[in-house]
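S.K.: Chains as they are written, first to last, in this note's numbering: chain C, 540 to 835; chain W, 6 to 260; chain U, 391 to 701.
These are computed hints drawn from the structure, not numbers from a lab.
Even for Gly, the Cβ is constructed at its ideal location relative to N, Cα and C.
There's no promise every hint is true.
[What the hints assert, rightly or not] If you anchor each label on the Cβ, the simulated ranges turn out as follows:
1. N728(C) / R248(W): 49 to 55 Å
2. R507(U) / L724(C): 22 to 28 Å
3. G239(W) / R705(C): 54 to 60 Å
4. G148(W) / P633(C): 26 to 32 Å
5. L585(U) / K136(W): 23 to 29 Å
6. R596(U) / G17(W): 26 to 32 Å
7. Q243(W) / R705(C): 57 to 63 Å
8. L585(U) / L724(C): 50 to 56 Å
9. D718(C) / I251(W): 33 to 39 Å
10. G20(W) / Y755(C): 44 to 50 Å
11. D675(U) / R705(C): 45 to 51 Å
Listed below are the residues making up each chain.
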Amino acid sequence: MEDVNYLFQQCINGLQLGAVYALIALGYTMVYGVLRLINFAHGDIFMLGAFIAYYLISKFNIPIYLVFAITMVCTAAAGYIIEKVAYKPLRNAPRISLLITAVGVSLFLEYFLSLKFLFTANYIGFPRPFEVEVYDLSLFTITNIQLIIFAVTAVSLFFLYLLVYRTKYGKAMRAVSYDQEAAALMGINIDATISLTFIVGAALAGVGGILYSIAYPQINVFMGIMPGIKSFIAAVLGGIGIIHGAVLGGFVIGVSEVFVSGFLSSTFRDGVIFIILFLVLLLKPSGIFGKRIEKV
Amino acid sequence: MKALAVENLEKGFGGVQAVDGISFSVEEGETVGIIGPNGAGKTTVFNLITGFYRPDRGNILFYGKNIAYLPPHRLPRLGIARTFQNLRLFGKMTVFENILSAMLVQGRYNLFSAIFRWTDYFVTESKAEEKARKLIEFFNLSGKEDQSADSLPYGEQRRLELARALALEPKVLLVDEPGAGMNPIEIQGLVQTMKEVKKQFLLTVVIIEHQMGLVMNISDKIVVMDFGEKIAEGTPDQVKKDRKVIEAYLGEEPL
Amino acid sequence: MKFFWEARKVILPAVLVYLVLKAIFGFHLVSGYIEQITLFSFIVILTSLGLNVIYGYTGQFSLGHAAFYGIGAYISAYLSKSLGVESILGFIPVLFLSGVSAGLVGCLIGVPILKLRDDFLAIATLGFGTLVRVILDNSDRFSEILGGSRGFVGIPRITNLELAFFVTVFLILVTRNIIFSRYGLFWRCVKNDELASQAIGINTSRMKLMAFSYGCFLAGIGGALYAHLYTFLHPSNFDILKSIDFLIIVIVGGMGSIVGTIYAGLIWVGFIEGLRIALPADMLDLRWVFIPLFLIGLMMWRPYGLIRKGG
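Bound conformation, chain C alone (with noise of 0.2 Å):
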């Protein structure tokens, strides 16, 4: 019974993980679909929110709600801004050069950031919000935190569901990604389209953010680097482009990562998540959703 619970504990604590993931894998998948980058800097993003959100409470002190509103649009600006700055001038370059310049930029938002003056390159405690509220269910035990995560995923879920595939923005999006040469001629306005793209995903970065400095309040400018990879490797497993991929991927990924931790030893954990990487790479690149094309 010990065992029993055991399990289903770490399948919620992973469940709570993989839910961050998933915020963060579909700003990779989306980018990724309409730009075939992969977005090195998004993990930066994740950062950026998890910041802003730890100043907004900790020096100003307003509702939760407001927290996440305010970074959301912070977050959405950054994505914004680098999108246009760093990327846009590559638009026509090879894909290399624009990979190149993503690990740029997210060296520079690190270093940049780590910076005395700014959130230097220490650990800094996350104020929590509100009390930690322990449930029993007398198979596992749920607190509030991974109550207000899975909430909160599921209404960002729900609500970038309806942009894509509800709104003319979503169809652009998806026009765009399915080929960006025929949308254009659609008459689909290309570099509105991405930049919504980057604004969307940076958005759901932000909120990853905010809800991972909650359940694992210890915040650091390099914070980002390794759940921006897991996450992107999320989105491989998932299938590059598609959406629900992506979330899928996350869940997975969260669970395969504290099971690791907690059956074996957390320092693998990293580890095996690159196992998997390779284990997808090899047995079926595209992904659990993908499909295989042919092509000379």
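Starting from the known structure of chain C, arrange chains W and U on it as the hints suggest.
M.R.: Structure of chains W and U alone, referenced to chain C:
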């Protein structure tokens, strides 16, 4: 002697049957043209013969040997070379290097000869360079050896691709729409070149072409495809009169 | 075998440079620190050259080059420590073996991941780099002397001017000879157009694997020299930032240019170490603010090379 025989070849992509049980054969020394409307499956046949696609079913015999399931890089060694519909040159490399690389594929020295500069390195390299220069001369590209391939005008790029394929010293040459994007005068030149090439290199040629003037002029035999199937086969004159062919082309191009 | 005869134009100046360096170091005209970073710059050139073979010549983008550098460093240090190697003569087989091991590891992981292209290859090599980092961090679980996250200490100091200089010159010549042979030509074909390469009979997966393994071999040699120059290894010396270092050197020097890589390696080490002297300690963090900006600038204006206009 049959140089190439395609037997009941099938290939589908998703729901689309691109090549649907096609068979034809090419005698040694013959020039065979494959024609058909857009999307008829001509290039797919080429990609199947040259190993870029794996057939779902069927055989491809090259002098009696089944080559249908070989990877593409094995075929030039056997004696099959191809060109591409949308030119595939090594754009950032020079004209000379484009040809030399094809020459050296069959080269006979190993990595250690290369590192320590053993004699067979020098012998192989100088032989290949000499042959490459001759080929460049034959294709009227002399003086442009050191230009990068993508700096050449379109017509010369076409010639360079043909030269590179011939550098492999193939027995069978597959040419995919050599006349694409050329004007009638350039086509005339191309017909001339193709005829000379054939004579000079003793080749068997399979050619896909939309330009009827070109294909009718140089082919001994024509295979007509439509919707992945062979609808007619025969000499240019026979094919021109074929009912099915006229139907397939009606409104597209007068023959 | 005309190896040395062909290379005479390189060997003569190289010997001259060696004699000058020997004199400068012999008469203590520069500090031991300068001496050390001079040797280090050779190591950086060698390792970057490996990445240039992989990325610059063959077009296979790798973000995990430092991992192979680290593998070479750790294997050589483990071998020389457990075998008690202390002399140069004893070290040469260790050096070679470390390079071969790094090359072999490159070959093993290259088989699956070199099927991937561009960005997926980037993420896979990055993943491999992280995996190696995790293993090095936990290496004390396998063998105590590897040190794990505390670092590998007490490696004998064997790398000297002669070793670092002549190994580097020799391997540069070897690389040059490979580049100017059918293999180098095929690598460039693969980079230009993989399908066309197959169409002329190049076994592209074999060529990619060969270039990748050879590049990793050079990194392994570089790592082994590094371990026996600084006598201390830490897993953080081999993380992604280090890979980015090598990448910047390749791009600054020019993709597919050996000479460019040599200049860029010298300039880069000089620049980074110069900043260490010029900037006060608390301003050092600024380096990694400006390096990424520099990298972004390169991508916008000279994505293939600054010193040499690579392609």
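S.K.: Evaluate the given range 26 to 32 Å for the C-beta pair formed by R596(U) and G17(W).
M.R.: The hint (26 to 32 Å, Cβ to Cβ) holds, given that R596(U) and G17(W) are roughly 30 Å apart.
S.K.: Determine whether the Cβ-Cβ distance between G239(W) and R705(C) falls within the hinted range of 54 to 60 Å.
M.R.: holds (58 Å)
S.K.: Does 49 to 55 Å hold as the CB distance between N728(C) and R248(W), or does it fail?
M.R.: Holds: the Cβ-Cβ distance is about 50 Å, inside 49 to 55 Å.
S.K.: Take a look at whether the Cβ-Cβ distance between L585(U) and K136(W) falls inside 23 to 29 Å.
M.R.: Because 24 Å falls inside the window, the suggested range holds.
S.K.: That 33 to 39 Å hint for D718(C) and I251(W) (C-beta), does it hold up?
M.R.: holds (35 Å)
S.K.: Is it true that L585(U) and L724(C) lie within 50 to 56 Å of each other by Cβ?
M.R.: Violated: the Cβ-Cβ distance is about 27 Å, outside 50 to 56 Å.
S.K.: In this structure, is the beta-carbon distance linking Q243(W) and R705(C) contained in 57 to 63 Å?
M.R.: holds (59 Å)
S.K.: For the hint 44 to 50 Å, verify it against the beta carbon of G20(W) and that of Y755(C).
M.R.: holds (48 Å)
S.K.: For the pair R507(U) and L724(C), does the Cβ-Cβ distance stay inside 22 to 28 Å?
M.R.: Given a distance of about 27 Å, which is inside 22 to 28 Å, the answer is holds.
S.K.: Within 26 to 32 Å or not, the Cβ separation of G148(W) and P633(C)?
M.R.: Because 31 Å falls inside the window, the suggested range holds.
S.K.: Taking the CB of D675(U) and the CB of R705(C), does the distance hold inside 45 to 51 Å?
M.R.: holds (47 Å)
Consistency note: the structure conflicts with earlier hint 8 alone.
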